[in-house]
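K.L.:
Chains as they are written, first to last, in numbering that gives the first Met the number 0: chain B, 0 to 295; chain U, 0 to 284; chain C, 0 to 356.
Everything labelled a hint here was simulated from the structure, so no lab data went into it.
Any given hint could be a false lead.
[To be verified] Derived, one-sided and incomplete: chain C residues facing chain B with beta-carbon distance under 7 Å:
#: 1; residue: LEU50
#: 2; residue: VAL70
#: 3; residue: LEU332
Glycine included, each C-beta is placed from N, C-alpha and C at the ideal position.
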Amino acid sequence: MPCILFEPFSRTPDFLEIMITKQFKRHSVLPGFGLTLSFTLFYLSAAALIPLLTLFWRTSAMDWASFLRVLGSPRTLAAFKLTLMTSFLSALINGAFGLLVAWVLVRYDFPGKKLADAVVDLPFALPTAVAGIALTTLYAPNGWFGKCLYKLGIQSAFSPVGIVIALTFIGFPFVVRTLEPILQDLDVEIEEAAFSLGAGRWQTFSRIVFPMLLPGLLTGSAMAFARALGEYGSVVFIAGNMPFKTEILPLLIMTKLEQYDYSGAAAVASAALLISFILLLAINFLHAWSQRYQEV
Amino acid sequence: MNKSKTIEIQKARFSESPWIKRGLIGTALFFLGIFLFGPILVVFLNAFGKGIGPYWRALTEPAAISAIRLTLWVAAIVVPCNLIFGLAAAWAVTKFNFFGKKILLALIDLPFTVSPVIAGLIFVLLFGARGIFGPWLQAHNIRILFSVPGIVLATIFVTFPFVAREIIPLMQSQGNEEETAAVILGANGWQTFFRVTLPNIKWGLLYGVILCNARAMGEFGAVSVVSGHIRGLTNTIPLHVEILYNEYNFTAAFAVSSLLMFLAFVTLVVKHWIERRSRKEYCGL
Amino acid sequence: MSIEVQRIVKTFGSFTALNGVNFRIAPGELVALLGPSGSGKTTLLRIIAGLEIPDSGTVLFDGLDVSSRKVKERQVGFVFQHYALFRHMTVFDNVAFGLNVRPRRVRPSQEAIKLKVFELLKLVRLEGMALRYPSQLSGGQRQRVALARALAIEPKMLLLDEPFGSLDAKVRKELRQWIRELHDKLHMTSVFVTHDQEEALEVADRIVVMNEGKIEQIGTPDEVYHHPASPFVSHFLGSVNLFHCRLEGGKILFGNAPADSGKTEGKQEARNATVYIRPHLLDIEYSAPANGNYFRAKVKSINAAGPLVRVELTTEWDALVQVEISHERYQYLGLKKDAAVFAIPKEVKVFTEDYSI
């Protein structure tokens, strides 16, 4: 009889569930709390938390002197600086063009709009390695875009410029997809109110619309920035990977691993993770801030 | 009268001068063309540049076949695991209120902030020759790193949030009332889930699964760290692409890439289709 | 089936939703839980259904303690405020759901389910809608589907959370009468939650008036309307004029004239009191009556739209008083703005600070 199978799940709450119910869970008539939460926690711990903890455990096993020696070495510092700079630049570019594309996609009608809208998500769906070789082919000295850019004196591949291009590609959807719903929900009446009070088009945008978009714009850019910090696949092909010049952090970790310098790799990774976590906190605050005008 | 007024208002809203409007659209399309359509074209032009023969040969050589087979295997293990995790996590988080829920939600997002290289690194630190379990594994002759289990673990780490992330907002917006009604009407837990919850989230769930699958098949950084690049044994499609590219075998590299590009297209099309569908469906309620 | 709740206490964090609630509902009764939002009425309904667990207190069905019973074992029919229809199922499947999910050994045959569902759809007058989806129905129709769905499991009682809350005014009125008729047909113990006093007065056999987690009064519509037990009840049920005054020796000092409070008993010392008079229980005259209570006032405004004429008076002590008189009376008096008149209360209700007379 099938229902016997279901009994433990639907009727008798197990010991764990009783404990949990009494302690920290609001009552609900829906079943499955103990089962789903314990599975979620188990999976999360096994797949992510415990492996991540080994990273910090490994790092904490180092003494301070060697930890600082790894982080303070010119090569590591150069990689940190390059990664932060290129990520920041790509986030800036994505902020500007993301706003433009989101605006155009929401506000205007033009032929090919649906295609343009669909293709915005491409960097999310396309494996980074493919993006990497495609971008490298495009921007190499003999590539379609590379040819023009080299003539203008811009070294578009195997240089920091190339890194920025790759990072801009992979971070592009964040700003557009964050801004689109906000733009769609913008109350027409607010803009009309501004018009009726005598504001011009540009004034309405800069004083009314833009401030309302700003939190979303910052959130989207910060997300693109965070993604760029850790990006590896699309960058390795186009960067050239020269130590001190075009070596990004993930690549440095990779190099240390290949030299069996586990502790060094762990140290750099911990520092990089710390930056990411701080950024994540910042994004969360930004998000909370962007909701502040929202009625509850 | 009311209607004509709204139309006028709509017009007032889009009242940039046509030139500014055209300029903005043009710039946006230029940007999209360079950044998004450029790579698409490059992949296909290079893949088919030397005709269909070399393209087909690149896909059917033994190393390519084994890379495809390994990738499919990994996806076949990873995606169901992440699907079950996503459903369990979404049920726990959206149907109940408990202490620490926000922390749990933040933890689910964790892989988004961890570089794929670091995701690979942590498994090397765990299972590598000088890792925590390394000596024990070696003594018992179990291979995790540089073999399939390592690739699966690294891929799971990178892709586990995708299903959960797709359905949690959906289930949140749908609330608990329908499930509560089902329980009052006598349904048990599984009946409530399969008959009430699942039909309501099926499209979002499908997209989550497809996105998770695309990411699992395309994961490069993490897999690159743990795989060991053994041809015919531990190469997935993206790793195979890298090897071909580094050997200056561009046509083959792009030919294999085109497979992943197709996968990306399928993902985008499904996403678009589901968005249209869910907009049409149930909009009255 | 009778429902009894005893000493129910329920808190959410620091908010006390229910603070020691007791009452009993007789079998076959239709009872309204009436109160403003935050009064705890919905929480009480959910506790009866088993959707919430009280901090303390018991729920009895037919004298049996069901506090520890799970929702599905209580066999209640519950209609949600927003209906909670399964949006991906047709009307038929919605109604049949409760039967289809039964364990195989107690599940009726598909034929029997079909018969039952169509019988219910006939009862709620939706026979032709069986294959529609909820999104294709109007609000009132959805409400009736929700009702049919709840009835399909042959519940021992029917619990309705704000059943008319999300409908427009006209449909509300129709559905109100219909629910009353349905109840007279089925005679199932039913409880519904509402914040609309008119709804409660029209539909219910008895009304439980709640405020801030406590029961203010339980009684028939007639009792709670004409004999409110507390200032809150008289306020909440219909409009009322309020006067602050002194109570001395069983008399209230009311404007200029001392008025008889009706009873002289117990405490004789002077105390503050509040007098409530409903607008339709005030009459207007041009001369003072020979005996009884009255006070002087001036006509401030007149609104003759509607079934009654609403007159606003300004008293000598500068308070505003609402009076409702019939159109005939209004025509007979020939009232004009600023006319000096006497207001004569036909019935007053006096509440002192801790007891009412």
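K.L.:
Decide, hint by hint, whether the structure agrees.
P.N.:
Hint check results:
For LEU50 of chain C, the suggested interface contact is upheld, since its CB lies about 5 Å from the closest CB of chain B, less than 7 Å. Annotation: interface hint on VAL70 of chain C holds; nearest CB of chain B at approximately 5 Å, less than 7 Å. A cut of 7 Å between beta carbons decides the hint on LEU332 of chain C: the least distance to chain B is about 49 Å, and the hint is violated.
Checked against the numbered hints given earlier, the structure breaks only hint 3 and satisfies all the rest.
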